[in-house]
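A.B. asks: For reference, the chains in residue letters:
2 protein chains.
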Amino acid sequence: MFSEEVAAAFKKIQDKIIVNLEKEDGVGEFIVDNWARQGGGGGITRVLENGGVFEKAGVNFSAVHGELSNEVRNVLQTEGKGFFATGVSLVIHPKNPFVPIIHMNIRYFEIDNGAQAWFGGGIDLTPIYINEAEATQFHTDVRSVLDVFDASYYLKFKKWADDYFFLPHRNETRGVGGVFFDRIGIEGKDLANCFSLCSALGNAFPDIYLPLVSLNKNRSFTRENLFWQSLRRSRYAEFNLAYDRGTKFGLESNGRTESILMSLPPMAKWVYNYSPEPGSEEEKTQLLLRKDIDWLNRNV
Amino acid sequence: MFSEEVAAAFKKIQDKIIVNLEKEDGVGEFIVDNWARQGGGGGITRVLENGGVFEKAGVNFSAVHGELSNEVRNVLQTEGKGFFATGVSLVIHPKNPFVPIIHMNIRYFEIDNGAQAWFGGGIDLTPIYINEAEATQFHTDVRSVLDVFDASYYLKFKKWADDYFFLPHRNETRGVGGVFFDRIGIEGKDLANCFSLCSALGNAFPDIYLPLVSLNKNRSFTRENLFWQSLRRSRYAEFNLAYDRGTKFGLESNGRTESILMSLPPMAKWVYNYSPEPGSEEEKTQLLLRKDIDWLNRNV
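Order-wise, the sequence lines are chains A and B. The working numbering applies: residue 152 is where the first sequence begins, and numbers increase by one. The working numbering applies: residue 152 is where the second sequence begins, and numbers increase by one.
There may be inaccurate statements among the hints.
To be verified - Chain B side only, calculated, beta carbon under 8 Å to chain A, not exhaustive:
{"hint": "1", "residue": "Ala393"}
{"hint": "2", "residue": "Arg396"}
{"hint": "3", "residue": "Met413"}
{"hint": "4", "residue": "Lys420"}
{"hint": "5", "residue": "Ile444"}
Hint data in this document are derived by calculation from the structure and do not stem from the laboratory. Glycine included, C-beta positions come from ideal geometry on N, C-alpha and C.
Given the sequences, and given the hints that come with them, work out the whole structure.
C.D. replies: Right, here's the structure in full:
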């Protein structure tokens with residue numbers, strides 16, 4: 152069955168990512184938490200805390216099925232009854248403030264055994280200190296994964312990420328963005344192609360992210376750098392708790408709380424009305440937290 | 152005008168609370184942030200950070216007016232056009248993990264120069280370690296303020312607080328509760344009485360909270376106590392960002408972000424799937440984070 156094929160491929164992607172992250176970390180190991188969902192299916196939540204490189208990293212796989220609740224039917228605007236959903240979702244909070252936070256998600260949703268079906272996903276980078284060359288490299292790498300499937304995807308999905316990973320109350324983006332997409336393949340055509348796209352993104356993850364880790368994980372940093380990291384992490388928590396649709400949907404649909412909230416930072420600080428010193432590196436980052444930056448064609 | 156009278160009384164309550172908190176703190180001083188609202192009115196946000204006793208305390212006053220947006224009209228289910236709103240809102244995060252976090256709010260809302268008008272408010276206590284005798288004292292003190300106005304208020308508003316200050320995704324209350332009420336006096340009768348109730352609650356605040364501070368602020372504590380404090384604070388952040396209606400309403404209606412989010416803890420930690428040791432003080436607190444505890448008649 153297609154749904155089983157997708158779930159099996161996603162599970163393999165989780166494994167591949169874990170192996171690569173553990174290798175990069177050198178010290179930490181991901182614990183394995185198998186869980187079952189009342190109503191059908193379950194997942195494998197894998198979390199590494201207090202590693203050599205990663206302070207908190209969560210890489211979740213789930214494949215769940217059951218009856219759609221009325222709330223979910225409303226959200227999805229469907230009359231369908233049964234559902235199947237599978238996905239891989241990860242958030243990584245590194246120790247070193249010069250290594251960016253990253254999030255990636257690939258997901259497949261099916262209603263009434265495929266009467267309706269679609270893929271979604273995305274990847275976005277949240278540097279504590281924005282290195283423009285690295286942001287450009289990140290967007291270039293992501294684009295090269297998408298271009299294989301449709302040359303129009305990158306620009307479309309990049310704009311979607313700019314709009315999605317945005318904190319209106321701060322008037323700032325979460326980071327330097329990336330791509331976000333939802334309900335692709337829903338027209339019925341190209342579902343296999345969308346599956347390949349999601350698989351390609353998941354499989355490319357280590358090659359996209361780990362070079363940014365290797366490059367920066369041994370850089371020296373100050374207490375001021377860590378302080379700024381804890382402030383940026385609080386914005387990450389604000390986004391995830393107040394805006395992120397996946398988090399909201401998960402909590403409201405009675406999902407497994409600890410798996411959903413593994414995305415929250417290990418530690419965060421809130422300081423009243425903080426703003427970075429004029430001319431500082433922190434201010435430079437702050438000023439780059441905006442939509443519509445053309446990272447591919449930025450002169451740096 | 153009634154609205155001006157209410158605002159003036161609320162402003163005095165802010166001043167009284169500030170004087171008393173600074174005295175108790177002994178070291179810290181509240182900064183004064185006057186702000187104006189585009190569209191009408193403004194506020195005075197007062198924040199004390201890194202004091203002797205209080206790590207972060209915010210006591211806000213605001214009195215704003217203008218045109219109701221369509222969103223707000225929907226939320227309030229009104230056809231009205233103009234509004235006036237004034238309130239005092241405070242959240243205090245003490246340094247010592249044996250001093251509880253507290254929140255209090257009193258507010259007045261008026262549509263079309265009093266065509267519709269109501270009061271709301273509440274006070275609730277969030278101990279890091281629940282001391283049952285102190286929780287009973289807190290509820291007794293709060294009840295004695297309310298009983299003067301209506302003997303049925305306490306039980307009604309206590310249940311409202313249990314339901315409101317609740318984290319469904321954790322299946323736990325924010326703390327030991329207190330009282331919460333909204334839209335009282337809206338039937339048109341007793342608006343003056345509701346004003347007296349809110350004023351009485353605001354004026355009683357120092358007498359309700361500060362004894363709990365004095366009693367515990369010099370207690371010695373361990374790193375483990377601070378760790379548990381940082382975990383409890385993360386639940387406070389989860390509630391405020393994901394559920395608190397005042398926070399949501401403020402952010403969505405384009406309120407002053409830094410004044411709204413002064414409620415967030417100075418620092419918080421998220422640890423995957425943490426649960427306290429069986430038999431520990433932390434577990435004792437965890438087990439008491441539930442609705443419908445009759446704190447007034449608890450044998451401790």
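A.B. asks: Hint by hint, say whether it matches the structure.
C.D. replies: Going down the list of hints, with the structure as the test:
1. About 5 Å separates the beta-carbon of Ala393 (chain B) from the nearest beta-carbon of chain A, less than 8 Å, and the hint is met.
2. Taking 8 Å as the C-beta contact cut-off toward chain A, the hint placing Arg396 (chain B) at the interface is violated, the least distance being around 13 Å.
3. Nearest Cβ of chain A to the Cβ of Met413 (chain B): about 6 Å, under the 8 Å cut. The hint holds.
4. Below 8 Å, beta-carbon pairs count as interface contacts, and Lys420 (chain B) has one with chain A at about 5 Å; its hint therefore holds.
5. A hinted interface residue such as Ile444 (chain B) counts as satisfied when its beta carbon comes closer than 8 Å to some beta carbon of chain A; here the least separation is about 23 Å, so the hint is violated.
When held up to the earlier numbered hints, the structure conflicts with 2, 5 and fits the remainder.
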